[in-house]
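Heads up: the sequence shown is residues 8 to 366, going by the working numbering.
Hints are not guaranteed to be accurate.
What the hints assert, rightly or not - Okay, derived cross-link-like pairs now, SDA-like style, lysine to any residue, Cα gap no bigger than 20 Å in a straight line:
(1) K152 - P39
(2) K100 - S82
(3) K364 - L138
(4) K59 - K94
(5) K94 - P71
(6) K354 - R145
(7) K161 - F111
(8) K99 - K364
As the list claims (entries may be wrong) - Here are the computed distance ranges between Cβ atoms for each label pair:
(9) N234 - N336: 43 to 53 Å
(10) E70 - R288: 38 to 48 Å
(11) T28 - N314: 52 to 62 Å
(12) P276 - G24: 19 to 29 Å
(13) T308 - P207: 27 to 37 Å
(14) R202 - S38: 48 to 58 Å
(15) A162 - K364: 16 to 26 Å
(16) D105 - Q144: 38 to 48 Å
Think of the hints as simulated: they come from the structure by calculation, not from any bench.
Backbone N, C-alpha and C fix where the C-beta goes; we use that ideal spot for every residue, glycine too.
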Amino acid sequence: MTTLFAAVGMAASGGQGFADTLDAALSKALSPDQPGVAVLIARLDGLVLFRKGYGRADLNSREPITPKTVFNTGSISKTFVAYGILKLAERKKLSLEDTLDKYFPDFEHPEIARRVTLAHLLSHTSGLPDLRDTGAQRDYYLTAKDEENFAPLKAAKELRFSPGERFEYSNPAFNGLALIIERLTGDKWQRFIQREVFGPAGMASAKITDGPYPERGVAHGYARTANGWQEDDYGEFPTFAAAGNGGIWASVDDLFLYERAIQSGRFLPTEQIALSRTPFRPANWSSESAPQVGMSWFHRTTPTGANSHYHSGSQGGFRGWHEAIPQRNLTFILLGNAPEPFAQALKIVNDQLDAFKLR
8 MTTLFAAVGM
18 AASGGQGFAD
28 TLDAALSKAL
38 SPDQPGVAVL
48 IARLDGLVLF
58 RKGYGRADLN
68 SREPITPKTV
78 FNTGSISKTF
88 VAYGILKLAE
98 RKKLSLEDTL
108 DKYFPDFEHP
118 EIARRVTLAH
128 LLSHTSGLPD
138 LRDTGAQRDY
148 YLTAKDEENF
158 APLKAAKELR
168 FSPGERFEYS
178 NPAFNGLALI
188 IERLTGDKWQ
198 RFIQREVFGP
208 AGMASAKITD
218 GPYPERGVAH
228 GYARTANGWQ
238 EDDYGEFPTF
248 AAAGNGGIWA
258 SVDDLFLYER
268 AIQSGRFLPT
278 EQIALSRTPF
288 RPANWSSESA
298 PQVGMSWFHR
308 TTPTGANSHY
318 HSGSQGGFRG
328 WHEAIPQRNL
338 TFILLGNAPE
348 PFAQALKIVN
358 DQLDAFKLR
């Protein structure tokens, strides 16, 4: 990472205009003494166009946000779980057409498990209802891990729709996928991802929660209140201990290395990478809208007509955005520790990318 980023602060293709304009807009919008955001914009072939942090990672210590600050990435974590499953598929340890009864024989209604495949879970098309009551059982879900978050789905009496018919986002589906990784490898899924993805990608500062909050080197998440800011992360917000749906902690530098590894096929063959980012269309798809999700990655078209692959993240006060546009040779990554400054920054970044016709 040192070699990749050492000489780069802010630079821009075609001159310094983009970097200067973006920095001025972000500096004006974001307070240096409040929660903020880290931003990295780069060419997929390695040239970093913009890399900077704004605001405070920790309001108590007043530690500033930098591109090396580690944040909870929220649901961007799901892409790592998906690659764990695809890695096992590559090794012939499983098939994406496997049904859930193969791994979870304890569904109360086994006929439901026999209808849902791993591909359905990965693409949010399973139809399984989310039966967790994170409101009434908030204290329980503050520390509930993957097993506890997936267990309520085993009690489902019926599906919300026939698997494959349409899209419906599911957090606990990825808790289930994490458990499958553990059952097939005999290891904690966190260790598997660290070994099989973090290692090849060079993500030296990335972490995965395994229950407790990472002790050092991470930002705190915040929520705005009438009296200012209060912490909104591990201990205040349910599901932080459930790593499969949101347990990856990383910096924007780490996620850029992750994207570079994706582009180069460093931890998976290019065919598997393409599968992860190609919208999955089951044979029985009946939604009026075309499918927009592959094996966890979402798809959209940019203002210039290029295909884009992205995932957002939201957990407690943390927010994240990771997008890659191969046709434009561009990726942009934002991680923040409070909703409001993150939303401001993401809008500014999108506006400036459009103004300079970069995406």
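* A162 paired with K364, Cβ distance criterion 16 to 26 Å -> Roughly 52 Å apart at Cβ, these two residues miss the hinted range, so it is violated.
* C-beta pair P276, G24: status relative to the range 19 to 29 Å that was hinted -> Since the Cβ atoms of P276 and G24 sit about 39 Å apart, the hinted range of 19 to 29 Å is violated.
* To do: For the pair supplied as a hint, K152 and P39, confirm whether the alpha-carbon distance does not exceed 20 Å.
  => Given that 20 Å is the threshold and the Cα spacing comes to 35 Å, the pair is violated.
* Q144 and D105 - C-beta distance against the hinted 38 to 48 Å -> Taking Cβ atoms as reference, D105 and Q144 lie about 30 Å apart, which means the hint is violated.
* Hint consistency between K100 and S82 [alpha-carbon to alpha-carbon, up to 20 Å] -> violated, 25 Å
* To do: State, for the Cβ atoms of R202 and S38, whether the hinted interval 48 to 58 Å holds or is violated.
  => violated, 40 Å
* To do: Look at the Cβ atoms of T28 and N314 and judge whether their distance stays inside 52 to 62 Å.
  => This hint is violated: roughly 26 Å between Cβ atoms.
* **Outcome for the supplied range 43 to 53 Å, where the beta carbon pair is N234 and N336** => Because 46 Å falls inside the window, the suggested range holds.
* Is the Cα-Cα distance between K364 and L138 20 Å or less? -> Violated, because 44 Å separates the two Cα atoms, which is more than 20 Å.
* **Satisfaction of hint between F111 and K161, Cα-Cα up to 20 Å** => Cα-Cα ~8 Å, so holds.
* Holds or violated: K354 with R145, Cα cutoff 20 Å? -> violated, 32 Å
* Restraint check for K59 with K94, where alpha carbons must lie at most 20 Å apart -> Distance of about 33 Å is beyond 20 Å: violated.
The earlier numbered hints that this structure contradicts are 1, 2, 3, 4, 5, 6, 8, 11, 12, 14, 15, 16.
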